[in-house]
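Novice: Each chain, letter by letter, is given below.
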Amino acid sequence: MEGGVAYEQGLNLKATELTLGLPGTGETEGQGGVRNNNKRPMPTSETNEEESQALKAADRGSRAQIVGWPPIRSYRKNSLQEKKDSEGEASGMYVKVSMDGAPYLRKIDLKVYRGYPELLKALEAMFKFAAGVYSEREGYKGSEYVPTYEDKDGDWMLVGDVPWDMFMSSCKRLRIMKGSEARGLGCGV
Amino acid sequence: MDLTPKQSIPAAESTRFPDEVLERVLTLLKSPKDRNAVSLVCKDWYTADSWSRRHVFIGNCYSVSPEIVARRFPRIRSVTLKGKPRFSDFNLVPDNWGADVHSWLLVFASGSPFLEELRLKRMRVTDGSLEFLALNFPNFRALSLLSCDGFSTSGLATVATHCKNLIELDIQENGIEDLSGEWLSCFPDNFSTLEVLNFSNLITDVNTEVLERLVSRCRSLKVLKLNRSSSLDCLHRLLTSAPQLTELGVGSFSQELTPQQHAELKHAFGFCKNLTVLSGFWDATALNLSAVYPACSGLSFLNLSYTALQSQELASLLPHCPCLRRLWVLDSVGDRGLEAVGANCPSLEEIRVFPTDPFDEDMLHTVTESGIVAVSQGCPKLHYILYFCRQMTNAAVATVVRNCPDFTHFRLCIMNPGQPDHTTNQPMDEAFGAVVKTCKKLKRLSISGLLTDLTFKYIGEYAKNLEALSVAFAGSSDLGMQYVMEGCSKLKKLEIRDCPFGNAALLSGLERYESMRSLWMSACNVTVDGCKALARQMPRLNVEVMKEEGSDDCKADKVYVYRTVAGPRRDAPPSVLTFSSL
Numbered sequence: 001m002e003g004g005v006a007y008e009q010g011l012n013l014k015a016t017e018l019t020l021g022l023p024g025t026g027e028t029e030g031q032g033g034v035r036n037n038n039k040r041p042m043p044t045s046e047t048n049e050e051e052s053q054a055l056k057a058a059d060r061g062s063r064a065q066i067v068g069w070p071p072i073r074s075y076r077k078n079s080l081q082e083k084k085d086s087e088g089e090a091s092g093m094y095v096k097v098s099m100d101g102a103p104y105l106r107k108i109d110l111k112v113y114r115g116y117p118e119l120l121k122a123l124e125a126m127f128k129f130a131a132g133v134y135s136e137r138e139g140y141k142g143s144e145y146v147p148t149y150e151d152k153d154g155d156w157m158l159v160g161d162v163p164w165d166m167f168m169s170s171c172k173r174l175r176i177m178k179g180s181e182a183r184g185l186g187c188g189v
Numbered sequence: 001m002d003l004t005p006k007q008s009i010p011a012a013e014s015t016r017f018p019d020e021v022l023e024r025v026l027t028l029l030k031s032p033k034d035r036n037a038v039s040l041v042c043k044d045w046y047t048a049d050s051w052s053r054r055h056v057f058i059g060n061c062y063s064v065s066p067e068i069v070a071r072r073f074p075r076i077r078s079v080t081l082k083g084k085p086r087f088s089d090f091n092l093v094p095d096n097w098g099a100d101v102h103s104w105l106l107v108f109a110s111g112s113p114f115l116e117e118l119r120l121k122r123m124r125v126t127d128g129s130l131e132f133l134a135l136n137f138p139n140f141r142a143l144s145l146l147s148c149d150g151f152s153t154s155g156l157a158t159v160a161t162h163c164k165n166l167i168e169l170d171i172q173e174n175g176i177e178d179l180s181g182e183w184l185s186c187f188p189d190n191f192s193t194l195e196v197l198n199f200s201n202l203i204t205d206v207n208t209e210v211l212e213r214l215v216s217r218c219r220s221l222k223v224l225k226l227n228r229s230s231s232l233d234c235l236h237r238l239l240t241s242a243p244q245l246t247e248l249g250v251g252s253f254s255q256e257l258t259p260q261q262h263a264e265l266k267h268a269f270g271f272c273k274n275l276t277v278l279s280g281f282w283d284a285t286a287l288n289l290s291a292v293y294p295a296c297s298g299l300s301f302l303n304l305s306y307t308a309l310q311s312q313e314l315a316s317l318l319p320h321c322p323c324l325r326r327l328w329v330l331d332s333v334g335d336r337g338l339e340a341v342g343a344n345c346p347s348l349e350e351i352r353v354f355p356t357d358p359f360d361e362d363m364l365h366t367v368t369e370s371g372i373v374a375v376s377q378g379c380p381k382l383h384y385i386l387y388f389c390r391q392m393t394n395a396a397v398a399t400v401v402r403n404c405p406d407f408t409h410f411r412l413c414i415m416n417p418g419q420p421d422h423t424t425n426q427p428m429d430e431a432f433g434a435v436v437k438t439c440k441k442l443k444r445l446s447i448s449g450l451l452t453d454l455t456f457k458y459i460g461e462y463a464k465n466l467e468a469l470s471v472a473f474a475g476s477s478d479l480g481m482q483y484v485m486e487g488c489s490k491l492k493k494l495e496i497r498d499c500p501f502g503n504a505a506l507l508s509g510l511e512r513y514e515s516m517r518s519l520w521m522s523a524c525n526v527t528v529d530g531c532k533a534l535a536r537q538m539p540r541l542n543v544e545v546m547k548e549e550g551s552d553d554c555k556a557d558k559v560y561v562y563r564t565v566a567g568p569r570r571d572a573p574p575s576v577l578t579f580s581s582l
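Heads up: the sequence lines are chains A and B, in that order.
The first sequence begins at 1 in the UniProt record's numbering and counts up by one.
The second sequence begins at 1 in the UniProt record's numbering and counts up by one.
Calculated directly from the structure, the hints in this document are not laboratory data.
Quantities reported herein were computed from a predicted structural model and do not represent experimental measurements.
Note that the Cβ used here is the ideal one computed from N, Cα and C, for glycine as well.
Don't take every hint at face value.
As the list claims (entries may be wrong) - Computed spacing ranges between beta-carbons, pair by pair:
id	chain 1	residue 1	chain 2	residue 2	range
1	A	103	B	380	26 to 32 Å
2	A	100	B	262	21 to 27 Å
3	A	161	B	347	47 to 53 Å
To be verified - Below 27 Å or equal to it, Euclidean Cα-Cα: the simulated DSSO-like pairs (lysine-lysine) are:
id	chain 1	residue 1	chain 2	residue 2
4	B	381	B	490
5	B	443	A	107
6	A	128	A	141
7	B	443	B	492
8	A	128	B	266
9	A	77	B	493
10	B	443	B	381
11	B	381	B	266
12	A	178	A	77
13	A	96	B	381
14	B	464	B	490
15	A	121	A	107
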């Protein structure tokens, strides 16, 4: 590790050197990134402190790059990551859902779903109905329930017409319409 | 036995039990260690053990071949197999490394088709293997997959469809390809034998009606662990129909409930008088959490490690759990939360504190040395700790083990590699010195922080019962590893990463490796020549080197050494070099 000489002189020039890279990247391969070369010098008691300081400084910049550290199982990491993603942007992701005839509203987090099929399944499970088969031409066929949403312009739209991402950013709330009112929206019943 | 010449029966026969009696007696021995000891007494006892052995535990799937196992234990009913090295959990092992269960299934299908139980950890399991399992073992009843990969929900569907006598389906923390929740609907309508169902790993929704019908049919169901997307309505109905549950994994606990719904849910929890284990709780809100209070009086294990509880929330929950023996939390509870643990859990034996943000510097969301000390002060029976933190002191660790000298498992992870005692700036040697000097029963130790060879000297000198040691970013020279290899005579598993240990250190363990399960060394100073030297001298070890792209030819980036009676493995991918004595 080329940084070794500087450490032993006690000045630790490398760690305070101005570079454009993250601290610890570049010549000190042993500090972070994929660890190819780990030939650390044997620290004597005098160099321990400098080395640990330098390690800390370097690691702060490149910590996320150390493979497999801290030792958390992928499953746990992914769970926490999903949670962080879903907590991330607060605007517009939790929307109220009403169903005609149901006594109370529900609220769902749109970010939890990866697409329309998942959303519909969740709505169906939540309100105990079947949505029918969606087609662009005829809307939801085969059911008296039709999932609709209010968009940013205040218009009531049929769920599924626009790409998912556009839907996520424009949906203000959901309403599961029932019966005759639903037919006006192009349901093919 | 008095064998005088006037006896007419030959001496050998007069000491024999009939085989059936001996086998009957041996079945009463459950522990694999006892059985192994029994089999060494004499040939008759070896044979009797072989015929009567029902369960075999194989800690390293490459230490023995399936043919050898099937030949020795022809009537095996239950197999536990572990595959990849533990560091594969942290992405240090290439995906195609091996540990495929299929070859085992093929052999068992022809030799031991009465297989009933299969428990796999860190093995590769394909859908094809799951289908083969479901179709070829008519008595199959229990499948447990932990930290495995290679399969999808389609594989689960074949198991549900064909295993008519299934009592256990336990899917945990796997790299599973989650295509749909349809698999649950594959259980036949009249299927009712399930006692354990754990699908907490899965993301896609299952059909709640199918689930509810299944649960109400399976009157012997004891363990039910739902996945994250399971709603509270569904949970409410399940609790009402299955109050006999002893272990429950709730789904995400984050729905907004009306006061009425909350009361009903709480009421339903009140039915569950037999609950000893509670888990799940992704995204639990404080309000919803109070619904579980009625079920907590007999709780012995509470796993809150997927929800970022605050200290006050934990402090409100714990007084309802007076019998708690095991607790897993996230560090969001802070030192204050851990003080509440110390104050409310006098029977606590195990605590695990995981990091909410492992890659984030944010000091607000962590626990410190105060937290672990507070727990030790209130919980004298503590013997298992896993603690992720960003700062620690030697004095605190010494206090902890003084309060709780019975530690068997001490796993401390100071998340910044090479970090010293933050008050004295000294290495953390004395901390682990205190642990090994005080805790005579210590079996498993994970060390971290700034550590010199002195830590290893302490370990070698005092940790005489140590079986598993995990080391990262520690040590000053080969001496470190040598101390351990010389001193820890009961060591079974040693895993080392990013330490300055070279060939001399590797070879210092020559006498030790055959009595160990395995050794892992990655990002150390070991070379290919060192590995070859080891392999040459120890023919009953497999010495494997995983090369990383672009590294020097002479460097042994990752080394995995293990004892085996099966010889070098034949399924290693090109990136794994196997050295043998040949």
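Novice: Does each hint fit the structure? Answer for all of them.
Specialist: Evaluated hints:
no., hint, result
1, 103(A) to 380(B): 26 to 32 Å, "violated (52 Å)"
2, 100(A) to 262(B): 21 to 27 Å, "holds (25 Å)"
3, 161(A) to 347(B): 47 to 53 Å, "violated (58 Å)"
4, 381(B) to 490(B), "holds (24 Å)"
5, 443(B) to 107(A), "violated (49 Å)"
6, 128(A) to 141(A), "holds (17 Å)"
7, 443(B) to 492(B), "holds (10 Å)"
8, 128(A) to 266(B), "holds (23 Å)"
9, 77(A) to 493(B), "holds (25 Å)"
10, 443(B) to 381(B), "holds (16 Å)"
11, 381(B) to 266(B), "violated (31 Å)"
12, 178(A) to 77(A), "violated (42 Å)"
13, 96(A) to 381(B), "violated (48 Å)"
14, 464(B) to 490(B), "holds (7 Å)"
15, 121(A) to 107(A), "holds (15 Å)"
Figure legend: structure checked against the earlier numbered hints; hints not met, in rising order: 1, 3, 5, 11, 12, 13.
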